[in-house]
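Peer 1: Respectively, the protein sequence lines represent chains Z and C.
First residue of the first sequence? That's 1 in the numbering used here, and the numbers climb one at a time after it.
First residue of the second sequence? That's 1 in the numbering used here, and the numbers climb one at a time after it.
The reader is advised that the hints may include incorrect statements.
Which residues of chain Z face chain C? A few of them, derived with a C-beta cut under 8 Å, are [claimed, not checked]: (1) Ile6; (2) Asn9; (3) Lys10; (4) Asp13; (5) His34; (6) Tyr37; (7) Gly38; (8) Glu41.
Result set (DSSO-like, lysine-lysine): computed pairs, CA atoms no more than 27 Å apart in a straight line [said to hold, decoys possible]: (9) Lys204(C) to Lys27(Z); (10) Lys294(C) to Lys252(C); (11) Lys19(Z) to Lys229(C); (12) Lys282(C) to Lys10(Z); (13) Lys19(Z) to Lys236(C); (14) Lys231(C) to Lys10(Z).
What the hints contain is simulated information worked out from the structure, not anything from laboratory work.
Model, not experiment: these values are computed from the prediction.
Built from N, CA and C at the ideal position, the CB exists for glycine as well.
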Amino acid sequence: MTALDISVNKYSDVSYEEKERLFEEAKADGRWDHILYGCYECGICVAACPSARFYDFSPRLIAQAVSREDVDLVYTLMNDSVWDCSQCFSCDRCPRQNSPGQIITVLREVAVRNGLQTAKQALEGYGRIIYKIMSTGSQVSPDMLQPDAFPDWGKHVHEISENLDVWRKALPPETLHTIETGWKVDEKTIIELYLIWHMTGVMDLIEGIDEGLFMILVDVMEERLEEAGYDVTFD
Amino acid sequence: MANQNILIIGGGVAGIEAAKGIADLGYKAILVEKRDRLGGNPDEQQYAALTPDLRDTQEALDEMMAPMLNNPNVDIRYNTLVTGASGSAGNFKVKAISAGKEVEMEAGAVIVATGFTHFDPGRETQKYGYYEHDDVLTLTDAEKLLKAHKFVRPSNGEVPKRICFIQCVGSRDRQIGNEYCSKVCCGISSKQAIEVRQQVPGCKVFIFYIDMRMYGYWENEIYWPAQEKYKVNYVKGMATEIVKRGDKLLVKGEDTTMRRPMEVEMDMVILAVGMEPSEGTKLMAEYFGLKQNKYNFIETTGGPLDTVSTNVPGVFAAGACTGPADLEDSVSAAGLAAMKALASVRKSQPVLA
Chain Z
1 MTALDISVNK YSDVSYEEKE RLFEEAKADG RWDHILYGCY ECGICVAACP SARFYDFSPR
61 LIAQAVSRED VDLVYTLMND SVWDCSQCFS CDRCPRQNSP GQIITVLREV AVRNGLQTAK
121 QALEGYGRII YKIMSTGSQV SPDMLQPDAF PDWGKHVHEI SENLDVWRKA LPPETLHTIE
181 TGWKVDEKTI IELYLIWHMT GVMDLIEGID EGLFMILVDV MEERLEEAGY DVTFD
Chain C
1 MANQNILIIG GGVAGIEAAK GIADLGYKAI LVEKRDRLGG NPDEQQYAAL TPDLRDTQEA
61 LDEMMAPMLN NPNVDIRYNT LVTGASGSAG NFKVKAISAG KEVEMEAGAV IVATGFTHFD
121 PGRETQKYGY YEHDDVLTLT DAEKLLKAHK FVRPSNGEVP KRICFIQCVG SRDRQIGNEY
181 CSKVCCGISS KQAIEVRQQV PGCKVFIFYI DMRMYGYWEN EIYWPAQEKY KVNYVKGMAT
241 EIVKRGDKLL VKGEDTTMRR PMEVEMDMVI LAVGMEPSEG TKLMAEYFGL KQNKYNFIET
301 TGGPLDTVST NVPGVFAAGA CTGPADLEDS VSAAGLAAMK ALASVRKSQP VLA
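Please model the entire structure based on the sequences and the hints provided.
Peer 2: Given below as structure tokens:
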């Protein structure tokens, strides 16, 4: 765990105008006026926050910084703090009806949209999961159950992984007789998901944060969309 | 039979309210005021707008006084300074200098409403440099600028870009001897912060505080709008010192929430000065033999259940002469004092049909 240092203006190499631009982008979000009012510094959000128990992380600091419109500090937190939140929204019990968790959601989105280096680092480890979800429409799949990768899954993990297809067929619902996906994803469903991610700008977000991942996804998606009769290009 | 006139000393909001109450009940009130105008501190110090409703001070005072000014039951003595008192409940004789002449007034009961004076920050032990730096002001100085709609830096006439308020100046301080909270300054600073943001929208406004004491509706009527609508920055932590840097003021303190010391440049600093008993309050305590607390405010005897009776039967005290009080407190206490003063002269007499 690294300590959060806000005693100095850590990102003094980034211009104030650029930091202000990013903050303005966050404030222009339609949700902003409903998730930030003013902060008392009462600390109820920190008291309720699971992340605050394990990291040098404070939802109060986030609410306080945006409430004071401290542009330098907001930028520092947007880089060094927002990724420590587990987005559980326990902080929603704020007596002023602030939602530090949702403020963080918005700040994260600004960080991703603008390709901040710290956002890329924070999301690096999730590339494999994002690929799985976005290419197949399902999350953890049985073939990810590798004995070496998951020793904590118990002493039978070897036995189970060797005969995975048999074990899966033992499950009553037919939709779970899969190995490469968590469940059987309908063709129509996956095509709709691709179109949604394309049209809502999710693919643009991915491109800004991980170009390699973006290119692999585009290959998969363009081919299947073409087969389904859609003429879609992602650039 | 007791003299049924009630003498009220001090023509601020408490004195006005008490006189109105006595007159409305059909008795005679003699209202003594040392200045040639009524209205007390809000009038004398030219408050721009009242706390908490931001109503124009002059307009609100005029409306309050109107029903009393031509009421034959109210005898207003302007330019009159009380100089001594004798007698007891039912028969007080009060001496005064009125327009240069010595006079004596008689009354069955007395209501002291001589109020407070603003703390003089030149007397403080902290280094805020009120008499050194032109751009260090008090709340009362700021009221005058706001009233004139000319909120500019006294040093150079420029419109300020960053200002701050420092709370609890002269209050809650054992070193100064005023351990009490002056009760109104948090609200007044926040009210002024709103007015500054209205008059000078480009100016950043900070409030450095120990606790914000915004009880009751002041919370949602002043504090929340100041923070949420007018984007006033509340920073928990006090300034220890103000020094000059170029043509700016450098304020040193701690931003306790953010866990860091702060040194910030300001164009103007407004000291939220508290209340102390006025000279008149101290003199009345002496003339009437009223018990004072260790801060020299007049001590009322009934604890929280009687806020106006004093140790001298027939003498009552209302408003900020008994301790820090806002307008709501002062007016409420004045009504109570009027009722108790009249009761003290009417007691045991049959009510006439």
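Peer 1: State for each hint whether it applies.
Peer 2: Evaluated hints:
1. Ile6: holds (6 Å)
2. Asn9: violated (11 Å)
3. Lys10: With a closest approach of 12 Å, the Lys10(Z) hint is violated.
4. Asp13: violated (20 Å)
5. His34: violated (12 Å)
6. Tyr37: With Cβ-Cβ at 5 Å, under 8 Å, it holds.
7. Gly38: The hint holds - Gly38(Z) has a Cβ within 8 Å of chain C, the shortest such distance being about 3 Å.
8. Glu41: holds (5 Å)
9. Lys204(C) to Lys27(Z): holds (18 Å)
10. Lys294(C) to Lys252(C): violated (32 Å)
11. Lys19(Z) to Lys229(C): holds (23 Å)
12. Lys282(C) to Lys10(Z): Distance of about 56 Å is beyond 27 Å: violated.
13. Lys19(Z) to Lys236(C): holds (25 Å)
14. Lys231(C) to Lys10(Z): Distance of about 25 Å is within 27 Å: holds.
This entry does not satisfy hints 2, 3, 4, 5, 10, 12, going by the numbered hints stated previously.
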